[in-house]
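First to last, the sequence lines map onto chains L and E. The first sequence begins at 1 in the numbering used here and counts up by one. The second sequence begins at 1 in the numbering used here and counts up by one.
The hints are simulated quantities; they were obtained by calculation from the structure and are not laboratory data. Using N, Cα and C, we set each Cβ at its ideal position, and we do this for glycine too. Mixed in with the good hints there might be a few duds.
Stated by the list, open to error - Sample of chain L residues at the chain E side, in silico, Cβ under 8 angstroms:
| id | residue |
| --- | --- |
| 1 | 107 |
| 2 | 114 |
| 3 | 117 |
| 4 | 140 |
| 5 | 141 |
| 6 | 142 |
| 7 | 145 |
| 8 | 146 |
| 9 | 148 |
As the list claims (entries may be wrong) - Computed footprint of chain L on chain E, listed as stretches where at least three residues anywhere in the stretch have a Cβ under 8 angstroms from a Cβ of chain L:
| id | segment |
| --- | --- |
| 10 | 194–205 |
| 11 | 333–343 |
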Amino acid sequence: MKKIAGYIVFTAFVLALAGCGGDEAVKPDAPVEDRGGAQTTGTGEGAAGTGEAVGAQDLLSERRIHFAFDSSAVDGEYAAIVEAHAAYLVDHAGLNVTLEGHTDERGTREYNLALGERRAAAVARMMRALGVAGNRIQTTSYGEENPIAPEHNESAWRENRRVEISY
Amino acid sequence: MLKGTRYWIAVLLCWSVAPSAQAILTIEITQGEAAGLPVAIVPFAWAGKTAPPQHIANIIEADLLRSGRFAPIERKQFISSPQRDADVVYKDWRLIKAEALVIGSIKLVNPGRYQIEFRLYDIYKEKQLAGYRYTVDRNMLRTTAHQISDIVYEQLTGQPGAFTTRIAYITRQRQGKGNVFKLQVADSDGYAPKTIVRSSEPLLSPAWSPDGKRLAYVSFEHKRPVLYTQDLGSGRREKLAHFKGINSAPAWSPDGKRLAMTLSRDGNAEIYVMNVASRRLTRLTRNGVIDTEPAWSPNGLNIVFTSDRAGRPQIYRMKADGSDVERLTFEGSYNARPSYSPDGRSLTLVTRQNGKYHVGILRLDNLALQVLTDSKLDESPSFAPNGGIIIYATELRGRGVLASVSSDGRVRQRYRFETGDVREPAWSPYDQQLHYKE
């Protein structure tokens, strides 16, 4: 039911292109879980209800892209959100966008800082591919330092692995 | 563009070193029958009518216990409680199987000034191993107790103690809807914390300069990771790296002249070395994957780091010029945050086993990995400068706490702070200035 293959292949391709040395093949991450979308809330007004299905008209109110563990692959459902924002940005040339990458708390802080940046970069790459000029996109990473869910469990981790889109 | 105003909202910085609450923590042994050398520490003589200004014997006892190398004997077993050399009866201590004995006294010599005397005995050889007298201000009493611990440790183990050293760490407390982050420095037992930096945005990765006088760290006060150094004496701060992208993971070279760091100014996380005086950068890694968490070997010839060039984070080693990269970890799918033991023979690191993150030690001669902890979210391990203990951060009932483990894995302890999260401990080098005695 997920259309993840395209972007995972895309990401793996980019990683492969980037010239990884080493003695293992680069593998895309474990399958993406099918629950993130329903749990995201909009950041703009602060209080979009949880548990809502993401309808086409609501895509622009979704400003959080979620990820699988240790992955920076944007899965199909979130790809649609990125596409909607990219289209909006193409239509509104005066806007600049900031992409802020975050991770869950597991693993080391500095590695997570780099992983958060990789997630932001993956969204930026998609936006550029969709026609948003690179100089309008700024990426940054907070690693695991700014969780939105403070608990220490799977559902909190799922929520905290994210890129926040703001413009 | 980021909105300019956002830069100005966040930051409150303490430029000076401001003392904060004393005794923020207690220490509890979480694992390990004390299986070390049995040692008896007699409460120090004190002639005052009120309680002594510091319980010197308690501080020494806690130090020795924490090291994992000693088993302090319970005081209720003591047959006698000598306070002077003439009162020591060796047989009393042989009977309770003590192998070493510490006695001493503390007295007020002037207002606010104290004289501390101690003697260390070898019970079986029936001779005094060490004896010193110190005259110090009240605020140096704890430090003096740690100095005594250092001498006892060195006399009995043949290796220097590290009790007069300090730890740096980050705390986070909720305040209203936001957070207060502090970079603090405390004694090695967690007492006497001082706040070095305070910010409403995250602080990260404190790293001691080899002379113990400066800290490098990462601050998000500009809404992105920027690398600073700060002089602990004057509080003077320098923004050392603030390139586009992330500026993080500082690690001082053993000579203190260079700082290895992670920058993503050229697209993704790569390791660089900056000459601190000239600010000149040398790039060491060059690829499309994450390379981060550099740490120098004690001889300055090598740098170990974390890279996911093989698909998952693993530990690699290269020459300090970036050449001859080799992979060091092969067990498990997540090994990260390496740092060297002071003798250069092993690394401590974070390793994932069955989905849990533990502190491990990797021996560099045979690349054998030993897991030292059994909690599940351990991170930021670093060796004490004598190699005897590793301090790390872990999670306990939803809170970040500091813990330590003896490097043989035998004794583990937790530092219990009163409030908030505590994380990112970094052990200071030896403080040369403190090594005075009378």
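Residue 141 of chain L as chain E interface residue, shortest Cβ-Cβ below 8 angstroms: holds, 6 angstroms
Per the CB criterion, is residue 145 of chain L less than 8 angstroms away from chain E? Holds, because the Cβ-Cβ distance from residue 145 of chain L to chain E comes to roughly 4 angstroms (cut-off 8 angstroms).
How about the segment 194–205 of chain E: do at least three of its residues have a C-beta closer than 8 angstroms to a C-beta of chain L? holds (count 3)
Please verify that hint: residue 142 of chain L, Cβ, nearest Cβ of chain E, below 8 angstroms or not. holds, 7 angstroms
So, as I understand it, the hint says residue 107 of chain L touches chain E; can you test that by seeing if any CB pair is closer than 8 angstroms? Status holds, d = 6 angstroms.
Is the interface hint satisfied for residue 148 of chain L? The criterion is a beta-carbon contact with chain E at less than 8 angstroms. At 13 angstroms from the nearest chain E Cβ, residue 148 of chain L fails the 8 angstroms test, so the hint is violated.
Regarding the hint that residue 114 of chain L lies at the interface with chain E, is the smallest CB-CB distance below 8 angstroms? holds, 4 angstroms
Checking hints one by one. Is residue 117 of chain L an interface residue toward chain E, by the C-beta closer than 8 angstroms rule? For residue 117 of chain L, the interface hint holds, since the closest Cβ of chain E sits about 6 angstroms away, which is under 8 angstroms.
Can residue 140 of chain L be said to touch chain E, with a Cβ gap under 8 angstroms? holds, 4 angstroms
Residue count check for the segment 333–343 of chain E against chain L: does it reach three with CB-CB under 8 angstroms? holds (count 3)
Hold the hint about residue 146 of chain L up to the distance rule: shortest CB distance to chain E must be less than 8 angstroms. Holds - the Cβ of residue 146 of chain L comes within 8 angstroms of chain E, reaching about 7 angstroms at its closest.
Hint check: a violation occurs at hint 9 only; the rest are consistent with the structure.
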